[in-house]
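Participant: Construct the complete structure from the given sequences, taking the supplied hints into account.
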Amino acid sequence: MLENAEEIAALQLLLDRSHAGATSHLRNIVHAGRTLTAEDLAGLLTGMKVLSVATVTARGEPRISALDGHFLHATWTFSTSGTAAKARHLETRPAVSVAHIDGEELAVFSHGRAEQMLPGDDDWKETLEHWTNHYDSSPLSWGEDVRMYRLSPHWMVGYAADRLEVLSRRGIAP
Numbered sequence: 136m137l138e139n140a141e142e143i144a145a146l147q148l149l150l151d152r153s154h155a156g157a158t159s160h161l162r163n164i165v166h167a168g169r170t171l172t173a174e175d176l177a178g179l180l181t182g183m184k185v186l187s188v189a190t191v192t193a194r195g196e197p198r199i200s201a202l203d204g205h206f207l208h209a210t211w212t213f214s215t216s217g218t219a220a221k222a223r224h225l226e227t228r229p230a231v232s233v234a235h236i237d238g239e240e241l242a243v244f245s246h247g248r249a250e251q252m253l254p255g256d257d258d259w260k261e262t263l264e265h266w267t268n269h270y271d272s273s274p275l276s277w278g279e280d281v282r283m284y285r286l287s288p289h290w291m292v293g294y295a296a297d298r299l300e301v302l303s304r305r306g307i308a309p
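Going letter by letter, the sequence shown gives residues 136 to 309 in the numbering used here.
No lab work stands behind these hints, which were simulated from the structure alone. C-beta atoms are modelled at their ideal positions from N, C-alpha and C, and glycine is treated no differently. Check before you lean on any hint, since a few could be wrong.
What the hints assert, rightly or not - Distance ranges between label pairs, derived from CB positions:
1. Glu141 - Arg194: 34 to 44 Å
2. Trp259 - Glu141: 15 to 25 Å
3. Thr227 - Ala308: 41 to 51 Å
4. Asn163 - Tyr270: 37 to 47 Å
5. Glu279 - Gly306: 39 to 49 Å
Facilitator: Below, the structure written as structure tokens:
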């Protein structure tokens with residue numbers, strides 16, 4: 136959990152705003168007892184999580200793929216090869232939808248923009264160190280053109296089938 140108090144507060148505002156603006160259908164599913172807080176997400180989303188990342192082709196057709204994701208500083212980071220179709224999509228159309236779904240137990244859905252991370256970015260070194268420690272190798276060593284991204288979300292909702300049970304089973308105090 137690398138999130139500081141300011142990042143947790145900003146994420147909670149985003150979650151609240153997103154939930155308040157959601158459709159009645161979504162609010163009927165993600166309601167009291169099922170809504171994950173920013174602190175919940177920071178505690179639950181440690182380590183590598185499989186993400187479904189949806190991009191859009193030049194013809195406006197959706198494409199989805201699975202990527203390794205790490206929740207750092209209250210948002211997702213993920214990587215791909217520069218030769219992947221999704222890298223081309225993200226270069227010209229950075230709008231993405233990102234979901235992490237853990238069976239029927241919990242899910243996090245978000246929409247935003249994928250921002251390519253670069254060595255001069257403030258969080259580059261820390262992000263690269265985190266990934267390197269997790270995999271015992273630098274992601275930059277995985278190919279000639281490995282690209283790292285961070286999600287800049289404008290909408291996010293966290294769901295748990297039974298929030299208190301999920302948090303308790305995973306050793307997180309509500």
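Participant: If a hint holds in the structure, say so; if it does not, say that too.
Facilitator: Against the structure, the hints come out as follows:
no. : hint                        : verdict
1   : Glu141 - Arg194: 34 to 44 Å : holds (41 Å)
2   : Trp259 - Glu141: 15 to 25 Å : holds (20 Å)
3   : Thr227 - Ala308: 41 to 51 Å : holds (44 Å)
4   : Asn163 - Tyr270: 37 to 47 Å : holds (40 Å)
5   : Glu279 - Gly306: 39 to 49 Å : holds (40 Å)
In summary, the structure agrees with every hint in the numbered list given earlier.
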